[in-house]
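Q: Take a look at the letters that make up each chain.
Protein chains: 2
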Amino acid sequence: MPSLYYSDAVCSKPLFEQVKEKIIDQIRKGVWQANAMLPNELALADMYSVSQGTVRRALQALVQEGILVRHQGRGTFVASFRRNVSNVKTRINWFESDDVTLKVGQSKIVSFEKIAPLGKVLQRVGTQQGERVFHIRRETSWAPNGEVVCFDDIYLPERFYPGLTLEKLTSSDYPIIYAFYQEVYGVTVTHMQDVARAVLLNPEQAQKAGVQTPFPGIMIQRTSHNSYGEIVELRFLLNVTENQSMILSR
Amino acid sequence: MPSLYYSDAVCSKPLFEQVKEKIIDQIRKGVWQANAMLPNELALADMYSVSQGTVRRALQALVQEGILVRHQGRGTFVASFRRNVSNVKTRINWFESDDVTLKVGQSKIVSFEKIAPLGKVLQRVGTQQGERVFHIRRETSWAPNGEVVCFDDIYLPERFYPGLTLEKLTSSDYPIIYAFYQEVYGVTVTHMQDVARAVLLNPEQAQKAGVQTPFPGIMIQRTSHNSYGEIVELRFLLNVTENQSMILSR
Chain A
32 MPSLYYSDAV CSKPLFEQVK EKIIDQIRKG VWQANAMLPN ELALADMYSV
82 SQGTVRRALQ ALVQEGILVR HQGRGTFVAS FRRNVSNVKT RINWFESDDV
132 TLKVGQSKIV SFEKIAPLGK VLQRVGTQQG ERVFHIRRET SWAPNGEVVC
182 FDDIYLPERF YPGLTLEKLT SSDYPIIYAF YQEVYGVTVT HMQDVARAVL
232 LNPEQAQKAG VQTPFPGIMI QRTSHNSYGE IVELRFLLNV TENQSMILSR
Chain D
32 MPSLYYSDAV CSKPLFEQVK EKIIDQIRKG VWQANAMLPN ELALADMYSV
82 SQGTVRRALQ ALVQEGILVR HQGRGTFVAS FRRNVSNVKT RINWFESDDV
132 TLKVGQSKIV SFEKIAPLGK VLQRVGTQQG ERVFHIRRET SWAPNGEVVC
182 FDDIYLPERF YPGLTLEKLT SSDYPIIYAF YQEVYGVTVT HMQDVARAVL
232 LNPEQAQKAG VQTPFPGIMI QRTSHNSYGE IVELRFLLNV TENQSMILSR
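Line order of the protein sequences matches chains A and D. Quick note: the first sequence uses this note's numbering, first residue 32, plus one each step. Quick note: the second sequence uses this note's numbering, first residue 32, plus one each step.
I should point out that these hints are in silico values taken from the structure, not numbers from a laboratory. These numbers come from a predicted model, not from an experiment. The reader is advised that the hints may include incorrect statements.
[Said to hold, decoys possible] Here are the simulated lysine to any residue pairs, SDA-like style, with alpha carbons at most 20 Å apart:
1) D:K134 x A:V226
2) A:K120 x D:S280
3) A:K120 x A:E96
4) A:K120 x D:V226
5) A:K134 x D:V226
6) A:K120 x D:L279
7) A:K145 x A:V218
8) D:K120 x A:V226
9) A:K120 x D:R281
10) D:K120 x A:Y259
11) D:K239 x A:D225
12) A:K239 x D:V230
13) D:K60 x D:K239
14) D:K53 x D:Q83
15) A:K60 x A:V230
16) D:K145 x D:F165
17) D:K120 x A:L279
18) D:K120 x A:S280
19) D:K134 x D:R113
20) D:K145 x D:K134
21) D:K120 x A:D225
All chains, please: the whole structure from these sequences, using the hints.
A: Now the structure itself:
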């Protein structure tokens with residue numbers, strides 16, 4: 032009796048996981064958008080016919096995953112990259128300056144173009160027939176006019192960012208590019224995977240980073256996903272670890 | 032009234048955090064040793080005069096931190112690096128083989144010596160007057176007799192590992208060196224911090240790794256702590272990312 036088997040399998044999923052999925056589903060459908068306040072725990076418990084404890088566990092998990100954010104005494108909200116920026120920055124950036132007084136890198140866009148996706152790597156973003164991709168190059172340093180500590184190559188599939196221009200990207204003062212994606216295009220990153228390898232800087236990069244070749248760096252290939260699991264950004268980050276390092280704890 | 036102030040501050044710490052600390056304290060005192068089963072939630076709730084929900088939350092946090100481990104249908108245990116090895120391996124090793132069929136690296140010890148700690152780096156382990164440090168060199172590859180993918184320099188303060196010898200280290204078949212620390216010396220690692228930088232391999236390393244110089248790698252400086260916060264191991268891991276990469280998700 033396979034139907035019973037499947038039914039058992041569904042029922043054995045913990046209740047809070049089921050509630051979690053229902054909440055994510057509401058966010059996907061746009062019922063609750065970025066910055067929207069969720070109903071309180073009791074209302075949610077009532078809505079899904081579960082205990083308040085189960086709702087609390089689901090909310091806790093969603094907060095840990097960065098999909099929701101809690102504001103003490105005010106409630107639980109759909110995460111916004113703008114409101115939650117200090118939290119988001121540490122969640123996104125692995126690298127920290129060796130100079131503890133330098134907390135935030137300064138990024139500048141050095142090129143912007145719309146291209147036809149080419150190569151194995153660009154196939155990763157799952158572009159559709161004839162679709163183009165925006166290619167943004169950024170350079171980041173810990174201080175204005177300082178040595179470059181990170182070279183970014185960002186690829187954005189056009190269907191998620193229709194009509195994107197350099198002016199749009201730079202006209203507003205978004206604290207972080209993910210806030211721009213979210214607020215202007217409704218694209219919320221809920222999951223990232225980074226794959227890191229060591230590479231050698233090329234002569235131009237070494238010159239901008241203020242180091243002598245051969246000089247090594249850590250290249251991160253990052254895929255950022257929305258809650259549907261679609262890749263909404265592909266990025267290559269080349270980090271120079273002369274004056275910064277990558278901190279990992281557990 | 033500063034005393035009231037302090038008393039308020041203590042009381043405002045969430046109840047489950049207080050329970051967590053009490054459980055860690057029992058583990059520190061050796062009341063519950065590695066592999067020991069903890070009393071069930073109801074008994075713990077009774078012991079600490081809190082609700083079962085509070086106990087559950089404390090246990091969940093300790094499981095997430097790797098201090099406890101849960102065996103479905105059997106109970107909650109003090110984490111053992113031997114019993115929980117597949118879990119522990121992914122928690123400790125950031126690097127994965129590009130060949131998905133190769134899941135576990137083969138490590139061999141290439142040198143073992145007892146030395147006087149020297150240099151800024153060795154001061155980090157907080158050695159006491161006249162104390163010496165064991166220095167172990169290991170090389171790891173994904174397959175026996177394959178190219179080296181990781182060069183390890185491990186430093187162990189003598190006071191945590193009295194009478195350590197190469198024979199002891201190699202005589203038993205510990206699945207992971209942290210299981211050896213725990214079972215032979217009662218040293219349980221509860222927290223690690225890794226600081227990663229890119230470096231160039233030296234010619235000998237490049238030859239063993241089967242690559243041409245200049246070739247970059249990712250050097251991790253790892254400090255491993257016991258539940259008292261003491262550094263029980265200082266390690267430098269030089270990872271060659273020719274046939275493996277570092278995977279990070281969130």
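Q: Does each hint fit the structure? Answer for all of them.
A: Now for the hints, and whether the structure bears them out:
1. D:K134 x A:V226: Holds, at about 17 Å.
2. A:K120 x D:S280: Status holds; Cα separation ~15 Å.
3. A:K120 x A:E96: Status holds; Cα separation ~14 Å.
4. A:K120 x D:V226: holds, 18 Å
5. A:K134 x D:V226: The hint holds at about 17 Å.
6. A:K120 x D:L279: holds, 16 Å
7. A:K145 x A:V218: holds, 19 Å
8. D:K120 x A:V226: holds, 18 Å
9. A:K120 x D:R281: holds, 13 Å
10. D:K120 x A:Y259: Between D:K120 and A:Y259 the Cα gap is close to 30 Å, so the pair fails against 20 Å, i.e. violated.
11. D:K239 x A:D225: Violated - the C-alpha atoms of A:D225 and D:K239 are around 27 Å apart, more than 20 Å.
12. A:K239 x D:V230: Roughly 18 Å between the alpha carbons, so the hint for A:K239 and D:V230 holds.
13. D:K60 x D:K239: At roughly 45 Å apart (the allowed maximum being 20 Å), D:K239 and D:K60 break the hint.
14. D:K53 x D:Q83: Within the cut-off at roughly 15 Å; holds.
15. A:K60 x A:V230: Roughly 41 Å separates the two Cα atoms, so the pair is violated.
16. D:K145 x D:F165: holds, 4 Å
17. D:K120 x A:L279: Holds. D:K120 to A:L279 sits at ~16 Å (cutoff 20 Å).
18. D:K120 x A:S280: holds, 15 Å
19. D:K134 x D:R113: holds, 17 Å
20. D:K145 x D:K134: violated, 32 Å
21. D:K120 x A:D225: Judged against 20 Å, a Cα distance of about 19 Å means the pair holds.
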